[in-house]
Amino acid sequence: MPDQHSHPTTLTVNGERHDLVLDPRVSVLDALRDRLGVTSVKKGCDHGQCGACTVIADGRRIVSCLALAVSYDGAEVTTAAGLGSVGALGALQEAFVDRDALQCGYCTPGQVCSAEAMLAEAEAGMPSHVTADVAALDPVRLSPEEVRERMSGNLCRCGAYPNIVDAILDVAGERGLA
Amino acid sequence: MKAFAYARPGSIAEALELAGDGDDTQTAYLAGGTNLVDHLRLGIARPDTLIDLSRLDFGGVEETADGGLRIGANVRNADLAADPALRRRFPFVSEALLAGASGQLRSMASTGGNLLQRTRCVYFQDRSTPCNKREPGSGCSALDGYGTYNALIGASEHCVAVHPSDLCVPLAALDAIVHVTGPGGERAIPFDQFHRLPGDAPERDTTLEASEIITAVEILALPWASRSRYRKVRDRASYAFALVSVAAAVDVADGVVTDVRLALGGVSHKPHRARAAEDALRGQPATPAAFEAAIDAELEAARPGKDNAFKVGQLRRTTVAVLTELTQTEGDRP
Amino acid sequence: MTATRDAQGRSSESPVLPLHAAPDPQRSAGPREPSVGTDRRRVDAPLKVTGTAPYAYEHPTTNPCHVWPVLSTIARGTIIGVDASRAAAVPGVIRVLTHADAPRLRVKADAGLWILQGPEVHHRGQIIGGVIADTPEAAREAAELLVFTYDEAPSKVELDPDGPDVTTAKVVLMRPGSETKGDPEQGWGEGVHRVDATYEHTAQYHAQMEPHAVIATWHEVSPLDVRATRLTLQDSNQGPLPHRLLLAPLLGLLPHQLDVSSPYVGGAFGGKAFPHPHLVLASLAAKIVSPRPVKLALTRQQMFSVVGHRAASSQHVRLAADAEGRLTMVEHVSTQAASRVKNSVDHSCMSTRMMYATPNRHTEHRVLELDVPPSTWMRAPGDFTGMFALETALDELAHTAGIDPVDLRVRNEPDVDPENGKPWSTRALVACLQRGAERFGWDERQAPGQRRDGEWQIGLGMASAVFPNMHMVTFAAKILFTGGRYVVQLQASDIGTGAHTVLAQIAADALGVDPDLVVTDIGRTGTPMAMVAGGSSGTYEWGNSVVAACEAFRRKHGLHPAEGASATGRSGPPKGSNKYSRNAFGAHFAEVAVSSVTDEVRVRRLLGVYAAGTIINPRTARSQVMGGMIMALSGALLEESYRDPRFGHIANGDLASYHVAAHADVPPIDVEFLPEHDPWFGAKGSKGIGEIGMVGTPAALGNAVFNATGKRLRSLPFTPSALAEA
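Order-wise, the sequence lines are chains C, W and Z. Be aware that the first sequence starts at 35, since it is given in my numbering, and climbs by one per residue. Be aware that the second sequence starts at 1252, since it is given in my numbering, and climbs by one per residue. Be aware that the third sequence starts at -3, since it is given in my numbering, and climbs by one per residue.
Derived from the structure by calculation, the hints contain no laboratory data. Everything hinted at is true.
Partial selection, computed: residues in chain C whose CB lies under 8 Å from chain Z:
| hint | residue |
| --- | --- |
| 1 | Asp57 |
| 2 | Asp68 |
| 3 | Ser74 |
| 4 | Val120 |
| 5 | Phe130 |
| 6 | Val131 |
| 7 | Arg182 |
| 8 | Glu183 |
| 9 | Ser186 |
| 10 | Asn197 |
Here are the simulated distance ranges between beta carbons:
| hint | chain 1 | residue 1 | chain 2 | residue 2 | range |
| --- | --- | --- | --- | --- | --- |
| 11 | C | Gly121 | W | Lys1253 | 40 to 48 Å |
| 12 | W | Gln1579 | C | Ala158 | 27 to 35 Å |
| 13 | C | Gly71 | Z | Leu241 | 32 to 40 Å |
| 14 | C | Thr44 | Z | Gly568 | 53 to 61 Å |
| 15 | C | His52 | W | Gly1261 | 19 to 27 Å |
With a straight-line cut-off of 27 Å between C-alpha atoms, the simulated DSS-like cross-links for lysine-lysine are:
| hint | chain 1 | residue 1 | chain 2 | residue 2 |
| --- | --- | --- | --- | --- |
| 16 | W | Lys1557 | Z | Lys152 |
| 17 | Z | Lys707 | W | Lys1557 |
| 18 | Z | Lys571 | Z | Lys474 |
| 19 | Z | Lys104 | Z | Lys152 |
| 20 | Z | Lys418 | Z | Lys177 |
Note that the Cβ used here is the ideal one computed from N, Cα and C, for glycine as well.
Throw the hints in and build the complete structure from the sequences for me.
Structure representation (structure tokens):
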């Protein structure tokens, strides 16, 4: 048996390396928020039911509440603050501002991270539930319906959904995906 | 949330050694974590030691010599859904994966873990209410409680929970094989024998022995499954568990059903292979009337409760619609 | 951009100016176009899209401890034993709190906040204990090990509208709870066309994305001077006023001893308007570990019993009309579940009193007290519920009478407010209905069950919308000139509404400067007292005070103020406004598709047309009403709670089982604001827009389902199960 209740864990968050010693119960989400003070990731449900805690870990979007930090030892984690800053917004962030794609703002960092990874998934040809024929292996064209389906893991209670979809489609268009 | 020790073995052998022959109250295996971490936090899973298998290499998606596929247990749902060979040969498996959970959860969840998902019955998830699955002998709160998602088929007086997986529904239809390894060596479990009905031991979801690890899922060749469909019915348009779901593949020649695979989700403690319907349909004309007679034969076993009787008609119509769509000739299609 | 928090969330007593725009004195010079009425980008958007706007739990703290609430697991009874031995033994635990040893509360200003004072359990999910520990993991683990034994009493948690214990509320919204005009039975008898139906919904939950959280710090400055004690709550709320009124006396503090800040709020919808009992637990814990800060974040599951909900209700409506569809009688009896702890009644019949002309009317608010947690305001309280009933009943009447539903409403348009005889300040309902019908293509509508698209049955539906004025009291605002900028200070709150953005626009016009030279300092005490963000009143009510403050500022300091110059202005509702009936109006149109295979309902289009006075910022206003329509769509199609009568809890109390709308549920939403200026709400001619999107939308959707399928659904939500059983 390994030593019990504390484990050395390294997380690289928005390019900055952090060496931590963690209780294995601590999620990536709580490691970021409670241990590292990285609050650009939000806790909405703590059970993978809302998407507010979405981060990009090693290139994939995950719900960080269901990711144990010890299991993500060595991961590169990107939060919304890693995709841009107030003075230098990322493309999706700029589009969210342009389209008024937020109200209270609490789900927004998760929406932005999810959208960033979702566009990469689309670029890689990943199908979705609304893809007409998964067997056709067609390149992905992001319609509004496709964006809505692919973003459905990010709940927004203020109802910014239509503006979020518009913002994502703006960027998808720039990247030749829409 | 109880404290636990954590170990990340470098090999299957090391994992088995760590697990010993302890039962699952002492150790738990971690893969994608999407269900287990949820349960750790809810106090449903209370292991002393968590054994992290998420980095073990069980192989990717490999085409087998006979035209089937071998899927390593750690292949993530998102990657599996996007796999070209899977999409061409067994499109309804990809569809089922894509109908489940969310983009985030699919990029975390593993193939092996998906098979081991536990029920989403609200009483199972709430430690303050009786539940035979969580606490054997305490009673079943769902029987007379919130029952919309309760089982229709194969439930017992001890448990009316349903299996929540989408992926497992087409895997049941395909007679997939679950490869496991454990203290007693390797074995291959036919899919139908992997999950179990609740009977008087609802705490046991599967026939896995203590400490056994799923290493791969194998789908045997079935060329006509390239025409297959998974349809899921749910309250929310996305990111919701099934009310019911239907996985079907049909082989038709000259307007007659020569072979069919049909499985139903959201209806039973295990992914429900609809063998009565299959038997009724083989050799019949590919018509809505025949489809309806077939699913009715299956649904004779349905025993609805106070809140889920609507699922009977929903299953009937959804099954007929799926089979009709699959058997439409090109000219009939919109 | 709040003036009290910078991007890193550091708190500061002096305002911090926006980071990305240096003031340019040239921009304040010369004549300028008004900002009100023009699009302006949400000023806090850059912080929010980068995740750097700090919410309650996120303020930097030094060496905080954590408190984890323990909730009752019975619906009614008495605690007869507590075993804290295992809980106290968890490493890192500082203190276990129960009724036996919790600090005493002082003034019972709010019965719902009276926790840990005795062994009585009034509802399932009541806070009956708490564990203070060094880490959240230890606090949670110990909380799970704290064992209570109960003497359980019989409980009742289900709404039975015909039960013997139902009572009539005497006063609702400061008006009689029950009222009768003319002779309703005679009017019923005169009816050629009649509807008699009951409309229901289960308890609904705000499900704000940000769970309620707080950092509480208790500063005992001196044991000799208790009045020097201060409690600081870094909270998530709709304004600090109710905290000071209710929470301070409860804790034995004078209002000014309670400092509250809430610069960013992750969704509120009425559920963060009043303090909830978790704040009491956090405050008591802070008192114990003073001066160490205490952090508390409710879990999603705990929110289903601790922080309120929209009460379950049953609405009985009878309508009678003559051959031309003119209403001869309207009756609306609302029966609502309430908590025995604290009885809060939604004004579900109020819109029925004023929407349509009729000589005979009876409306009545009834209540059944149950062993359930207290309900609270939830977006469009009363109006959401009542207008679902009334506007569905009107659709039933239209169908029975063979009259177009839009036309039926036009035929019953009243000249004056039917409840009180007052003239309308403005009422453009008919214009909204007609413009909506034209814009939506209402003439495409066919008889029920006629339109199909493959397996999908297509239907159109509509409903009227209304939201009343809620401005009643005089409040103040202050303008401070510092660093070349004008700082607007008042206890307002931006809960996602855009208050930061639009209050600056209002101030800019009143001061005659560019809005970028105006900074808002809201969401904290230490600024002039104002009403909470509620009742859709913020923009006109706060705006009024802001205009008064700006005018006072210019009078006092002229066009070239000195650094540090300030002025306060006060304002109430416009003089003479109570002579008018003041409401915003609107019309909702919906197209739905209902699967004939699965009974799933999908919304294809949704339109809202509103006459809501001057629109201060069309961009944020559109987002806000769209958000209301979407929350209503969610409530209409998805949101169903199941309170288990055996255990007293919401069995499906999490976001996997209590479904709120996801992206895939929401179609393109169309919004139009009709030009309107109403001088009787406030200085800028605007009305409230925060809630009207919620009102009537469920009826429009249900009416569309009827048009698609011929099935009339009278209970929310319209799930496949409901369709199958209709």
